Amino acid sequence: MIRTEHLFKSFDGRVVLNDISVEFDQGKTNLIIGQSGSGKTVLLKCLVGLHQIDSGSIYYDDTLFSALNFRELKQIRRDIGMIFQGGALLDSSTVEENVRLPLDLFTNQSAKEKRDRVDFCLDRVNLENANKLYPAELSGGMIKRVAIARAIVMNPKYLFCDEPNSGLDPMTSIVIDNLIKEITEEYSITTIINTHDMNSVLEIGEKIMYIHDGKKWWEGTKHDILHADNKELNEFVFASAMAKRAREVVDHGSARS
Amino acid sequence: MQFFDFIGRYFILMSKVFSRPEKRKIYRSRIMFEMEALGLNSIGIAAIISVFMGAVVTLQMSINLESPFIPRYLIGYATRETMILEFSSTVVALILAGKVGSNIASEIGTMRITEQIDALEIMGVNSASYLILPKIVATVLFFPFLTILSILIGTAGGYLIAIFTGVMNPSDYVEGLMYSFKTFSIWYSLIKMAFYALLITSISGFYGYFAKGNSLEVGRSSTKAVVVSSVMILIFDLILTQLLLIA
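Residue numbers (the working numbering), protein chains in the order written: chain F, 111 to 367; chain P, 156 to 402.
For the record, the hints were derived by calculation from the structure and aren't laboratory data. Just so you know, these numbers come straight off a predicted model, no measurement behind them. The reader is advised that the hints may include incorrect statements.
Unchecked claim - In silico contact screen, one side only, chain P against chain F (beta carbon under 10 Å); selected entries: (1) Lys171; (2) Phe188; (3) Ser217; (4) Pro223; (5) Asn258; (6) Glu262; (7) Met266; (8) Ile277.
To be verified - Over the 10 Å line for every Cβ pair with chain P, so calculated as not near, a few chain F residues: (9) Asp171; (10) Lys267; (11) Lys341.
Stated by the list, open to error - Sample of chain P residues with no beta-carbon within 10 Å of chain F, all distances over it, derived: (12) Phe350; (13) Leu353; (14) Met387.
For glycine and all other residues, C-beta sits at the position ideal for the given N, C-alpha and C.
Kindly produce the complete structure, drawing on both the sequences and the hints.
Here it is in structure tokens:
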């Protein structure tokens, strides 16, 4: 579980996160949604410690994450996996080297154990026979899958995903979404996904927080979101024709029953 | 104020760079990789400029020291001293600041803007040390070899020009090369080059590491890295000469 209390963050006097208090549950896919520029990525980067918060608290289970020193932060980060928007794979390393890096640096496993673990993680994301390829030789979907494999190789307790579907076609997006959801449930990870993809919201949104102008605007599940009585949220959710159609179908179904 | 901000951030970064590595074995393999990427791959450019500079210095000396009062072997002596004392360390370092410095700043800068450095940090890796320390160690160890190579190739260039143009007698040139040789001059040159390697790699690493924004900013960081490294090389040339040869 990850919890924030009265989180504030500003850049050059401009408030980007304004009093965010929220709890992200373990074993669930927690989604942060909102328009571009609403503060989603800043919130995610504050949660993993890439940005220093101005005030407030961040708890990882019972640990006050926001008060950890450099050494303690390095330690807890070994329990964190993160999937970046562009994958953030190391360009000069092969797929295998990218996934193996945390094992090389932080474990005393033998070469065979590391190879087996890397193969297991790559199999888990359906990427066999890609070990020797470089990131430049991979498609967008493959890059995301390697990023997922790298994120889970150390058995993380917390998984962060920054717009995992950006730049992917709808079918590949569903594959990535389902993969993240399966892994979350399988290993009981606290997963936080930053997205503005409504497909993901309706597919895997077990707990959703809508952020608007840096403030927590709404909180609920994928079942609540289509009926929420919130103007800004409705404008965001029903901006696409597909979402409008989904609401019509749901409303029609309710009326009939 | 900006200057002090730069100095402060530079030394904070260096304290991270020189902190204890996570696993020495990984760093050793990265040092070997960087030696090839930054050192071995620079041999060509160092060799080409050295052979031409050695030849040109010999030609210039031959033309300008045309006097019955000046022994001809002094041309070989002057070429050797020019190569050892300044050219093979300072001028080669300025060339390497352009080649290696821009390479490091743009590589690390691109890693910064594509979130690869953030990814390392999230894994719990000391990204500054992981990315910059192997480059510093590799260049500090390898660049002095480039200096030795440059001295040898430069003096050979002078010898070849003496043979092919007949501007002077090659045996006079060789006599000059061996005239009044001081071993400390070689040490002086190697010490300077090791300092320059540290300056080039750490300054370029600094500009790359703190790059922000987009590809334009990476380009600007790369340019700044080369300019600042070059200026620092010249300043340290003065300081080290004062300390090692005069003080």
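So, going through the hints one by one against the coordinates:
1. Lys171: holds, 9 Å
2. Phe188: holds, 8 Å
3. Ser217: Interface hint status for Ser217 (chain P): violated (48 Å vs cutoff 10 Å).
4. Pro223: For Pro223 (chain P), the interface hint is violated, since the closest Cβ of chain F sits about 61 Å away, which is over 10 Å.
5. Asn258: violated, 12 Å
6. Glu262: holds, 8 Å
7. Met266: Constraint on Met266 (chain P) satisfied, holds at 8 Å.
8. Ile277: With a closest approach of 4 Å, the Ile277 (chain P) hint holds.
9. Asp171: Holds: least Cβ distance 18 Å, greater than 10 Å.
10. Lys267: holds, 13 Å
11. Lys341: With a cut-off of 10 Å, Lys341 (chain F) remains clear of chain P, as the shortest Cβ separation is near 34 Å.
12. Phe350: holds, 28 Å
13. Leu353: Fine: 23 Å to the nearest Cβ keeps Leu353 (chain P) off the interface.
14. Met387: holds, 27 Å
Consistency with the previously given hints fails for numbers 3, 4 and 5, ordered from lowest to highest.
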